[in-house]
Amino acid sequence: MNILVCIKQVPDMESRFKVDEDGTWFDGADLAWRMNEYDEYAVEQAVQLKEETGGDLTVLCIGPERVKETMKKALAMGCDRGVHVVDNESFKKDPFAIASIIAEFAGPKNFDLIFTGMQSQDRGSAQVGVLVAEMLGLPCATTIVGFSFDNGVISVKRELEGGVKAKVTASVPALVTCQLGLNSPRYLTLPNILKAKKKEMLVIPVADLSKTQALEETTSLYFPEKKGTGLILEGDVADLADQLIKILKEKTAVLA
Amino acid sequence: MKTLLVAEYREGKLLGCTSELMAFAKKLGSESVMFLVGSENALPKFAGKLYLADATTCGEYNPGGHKQLLLEVIAKEKPDMVVFSHSSYGWDLAPRLAFALKAAQFSEVVDIVDGVPVLPVCNSKLLRKVTPKTAVTVLTLQAGAFNLTDEPTGSPSIEKIGTAHADTGGNLVFEGYELAERGGVDLTKAQVIVSAGRGIGKPENIEIITRLAQVLKGEYAASRPVVDAEWADHNRQVGTTGQIVSPKLYMACGISGAIQHLAGMKKSEFVVAVNTDKDAPIGEVADVLVVADLKAFVPVLTEKINNL
Ligand SMILES: Cc1cc2nc3c(=O)[nH]c(=O)nc-3n(C[C@H](O)[C@H](O)[C@H](O)COP(=O)(O)OP(=O)(O)OC[C@H]3O[C@@H](n4cnc5c(N)ncnc54)[C@H](O)[C@@H]3O)c2cc1C
Ligand SMILES: Nc1ncnc2c1ncn2[C@@H]1O[C@H](COP(=O)(O)O)[C@@H](O)[C@H]1O
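Going down the list, the sequences are from chains A and B. The first sequence begins at 594 in the working numbering and counts up one residue at a time. The second sequence begins at 46 in the working numbering and counts up one residue at a time.
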């Protein structure tokens with residue numbers, strides 16, 4: 594099995610964001626970065642499949658120098674090699690442009706299976722995986738919460754609304770987009786972290802793979818107007834508890 | 046301006062998003078036609094033209110086939126925008142269609158201002174306005190972002206399309222549905238719910254939450270990551286893929302307030318959030334936001350309530 598997993602580095606969502614000078618994206622300085630949560634499930638599933646079938650697993654990430662840190666995590670989880678597509682402006686690229694780069698890389702490599710997250714936490718577009726599949730002419734199952742592989746056929750469960758799942762099969766080559774809860778992403782062990790440092794990291798300048806233009810552009814990024822009329826309480830926990838009890842007595846009947 | 050609204054259908058039922066699509070078209074001020082792979086026995090209330098394909102012959106899950114049908118309708122109607130719900134049907138099909146049309150796609154649209162779509166970034170902590178570089182655009186709408194003030198009325202004029210489209214643009218085979226697990230607690234009846242989010246940090250800390258629920262004579266619940274990590278049972282999950290609750294008091298502890306969680310609890314009468322992040326989006330729906338470490342604050346609160 595020749596497997597590819599695509600990961601994105603995203604800011605920690607608990608960060609205090611600032612709008613950048615252009616007013617079109619958030620300022621990347623002073624943010625803590627991590628692997629897109631959905632992609633952790635994608636990496637775990639890819640590693641499990643590789644362990645089962647004894648294949649070869651590549652992890653790909655498009656972004657600036659700092660994404661190497663996140664890629665190391667994927668390598669420590671069990672990916673065999675990293676492909677870092679170096680792009681300092683990747684945050685400006687729309688899903689179509691990002692997918693085109695991935696498809697350009699993956700096309701000639703004939704991967705049997707490609708894993709992506711169902712969406713990225715910052716953009717939340719849920720497009721890149723499906724677009725890559727369309728570009729490569731692969732069957733694509735989105736939002737999977739169950740996965741198995743047998744004899745060239747994948748069986749997946751797509752999560753629908755209301756707790757219902759759709760059972761879908763496809764023969765490889767194929768692409769799947771992974772949803773939260775698909776598996777339990779493994780913890781890193783020290784030996785594996787050390788091993789990861791020795792793994793191959795291919796570096797490709799984005800210009801070598803970027804053959805298309807974005808189809809859309811962000812014209813402005815801004816903070817939502819606070820609509821919440823809620824009260825914000827800060828301070829010592831004992832005081833806070835007294836204040837909250839008083840409010841609950843006045844505004845609700847639950848302490849009566 | 047003309048929009049093509051894509052309605053949804055599953056297992057004999059029209060899904061609930063049709064009126065949100067109509068509300069969007071109304072806010073945009075566009076004329077609209079509708080598309081549905083469904084059944085004549087479950088038609089939307091829509092006073093306009095409906096292109097209807099039969100789900101029994103075209104398949105409920107057949108993205109390649111549905112894409113072909115949509116392309117035929119689009120060639121005829123030439124809409125400026127094709128509008129889906131941001132649902133398991135919409136986010137699956139929309140990019141396939143956008144690619145075929147070479148159109149820009151905007152996902153999870155929350156507003157439209159002077160014709161410009163507004164999209165959330167980073168868990169709705171930020172918003173962005175976007176401009177397409179293509180004439181036609183494909184949109185998916187965030188659930189609950191667009192609402193009609195009045196229930197829609199009228200019945201559609203139907204144009205039947207699509208006999209059989211087996212082609213799925215690959216070899217995806219739909220093998221049937223797996224139904225929701227039933228049983229366990231019914232959170233919809235609870236008057237008080239204390240809910241644990243990823244902010245509890247580790248499984249042992251779920252007790253901090255269950256004890257507060259106990260002294261408040263309510264139920265405990267959880268956000269999705271807590272359930273996915275198996276720190277709580279699935280039947281305790283609140284949100285779009287869990288239960289929709291409306292208690293008198295909902296306490297969200299260590300929950301950021303992602304849209305899929307809010308969709309499950311925003312009808313609660315009174316909402317208290319406990320969070321270390323003052324900017325957490327849960328603050329938008331909370332009546333009171335207590336900025337504190339839940340591990341320090343909740344046990345103190347529990348003790349004080351217990352002693353009342
Ligand atoms: C299709 C789909 C369906 C989904 N369905 C659901 C659903 O039904 N229900 C659901 O909940 N989610 C659902 N999700 C996931 C959702 O998008 C979020 O990922 C999830 O709700 C986040 O859960 P959380 O708030 O507990 O975790 P996080 O977003 O990680 O937030 C943790 C919060 O805890 C705070 N915190 C950290 N430490 C402390 C501390 N010591 N004291 C106090 N606060 C602290 C942080 O500031 C943060 O705000 C769905 C997602 C998708 C794509
Ligand atoms: N810069 C990137 N590098 C590699 N993979 C990416 C990148 N951006 C998005 N992806 C993949 O595409 C998925 C969906 O992203 P999105 O369409 O932006 O929501 C992510 O979960 C990743 O698997």
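These aren't lab readings, by the way, just hints derived from the structure by calculation. Any given hint might turn out to be false.
To be verified - No more than 27 Å apart at the CA atoms, straight line, and that leaves these computed lysine-lysine pairs for DSS-like:
{"hint": "1", "chain 1": "A", "residue 1": "Lys665", "chain 2": "A", "residue 2": "Lys839"}
{"hint": "2", "chain 1": "B", "residue 1": "Lys311", "chain 2": "B", "residue 2": "Lys58"}
{"hint": "3", "chain 1": "A", "residue 1": "Lys844", "chain 2": "B", "residue 2": "Lys312"}
{"hint": "4", "chain 1": "A", "residue 1": "Lys839", "chain 2": "B", "residue 2": "Lys323"}
{"hint": "5", "chain 1": "A", "residue 1": "Lys685", "chain 2": "B", "residue 2": "Lys174"}
{"hint": "6", "chain 1": "B", "residue 1": "Lys234", "chain 2": "B", "residue 2": "Lys205"}
{"hint": "7", "chain 1": "B", "residue 1": "Lys174", "chain 2": "A", "residue 2": "Lys804"}
Said to hold, decoys possible - Label pairs and their calculated CB-CB ranges:
{"hint": "8", "chain 1": "B", "residue 1": "Leu116", "chain 2": "A", "residue 2": "Ala807", "range": "45 to 53 Å"}
{"hint": "9", "chain 1": "B", "residue 1": "Glu122", "chain 2": "A", "residue 2": "Arg659", "range": "40 to 48 Å"}
{"hint": "10", "chain 1": "A", "residue 1": "Gly828", "chain 2": "B", "residue 2": "Lys147", "range": "25 to 33 Å"}
{"hint": "11", "chain 1": "B", "residue 1": "Glu76", "chain 2": "A", "residue 2": "Val746", "range": "53 to 61 Å"}
{"hint": "12", "chain 1": "A", "residue 1": "Glu607", "chain 2": "B", "residue 2": "Thr255", "range": "43 to 51 Å"}
{"hint": "13", "chain 1": "B", "residue 1": "Asp99", "chain 2": "A", "residue 2": "Tyr815", "range": "27 to 35 Å"}
{"hint": "14", "chain 1": "A", "residue 1": "Glu810", "chain 2": "B", "residue 2": "Leu116", "range": "22 to 30 Å"}
{"hint": "15", "chain 1": "B", "residue 1": "Glu76", "chain 2": "A", "residue 2": "Asn703", "range": "45 to 53 Å"}
{"hint": "16", "chain 1": "A", "residue 1": "Pro817", "chain 2": "B", "residue 2": "Gly57", "range": "18 to 26 Å"}
{"hint": "17", "chain 1": "A", "residue 1": "Lys792", "chain 2": "B", "residue 2": "Glu76", "range": "50 to 58 Å"}
Keep in mind that this is a model prediction, so the values were computed, not measured. All C-beta atoms, glycine included, are put in the ideal place defined by N, C-alpha and C.
Here is what the structure says about each hint:
no. : hint                              : in the structure
1   : A:Lys665 <-> A:Lys839             : violated (50 Å)
2   : B:Lys311 <-> B:Lys58              : holds (25 Å)
3   : A:Lys844 <-> B:Lys312             : holds (16 Å)
4   : A:Lys839 <-> B:Lys323             : holds (21 Å)
5   : A:Lys685 <-> B:Lys174             : holds (13 Å)
6   : B:Lys234 <-> B:Lys205             : violated (43 Å)
7   : B:Lys174 <-> A:Lys804             : holds (25 Å)
8   : B:Leu116 <-> A:Ala807: 45 to 53 Å : violated (23 Å)
9   : B:Glu122 <-> A:Arg659: 40 to 48 Å : holds (46 Å)
10  : A:Gly828 <-> B:Lys147: 25 to 33 Å : violated (56 Å)
11  : B:Glu76 <-> A:Val746: 53 to 61 Å  : violated (45 Å)
12  : A:Glu607 <-> B:Thr255: 43 to 51 Å : violated (25 Å)
13  : B:Asp99 <-> A:Tyr815: 27 to 35 Å  : violated (45 Å)
14  : A:Glu810 <-> B:Leu116: 22 to 30 Å : holds (26 Å)
15  : B:Glu76 <-> A:Asn703: 45 to 53 Å  : holds (46 Å)
16  : A:Pro817 <-> B:Gly57: 18 to 26 Å  : violated (39 Å)
17  : A:Lys792 <-> B:Glu76: 50 to 58 Å  : holds (57 Å)
Comparing the model with each numbered hint stated earlier shows that hints 1, 6, 8, 10, 11, 12, 13 and 16 do not hold.
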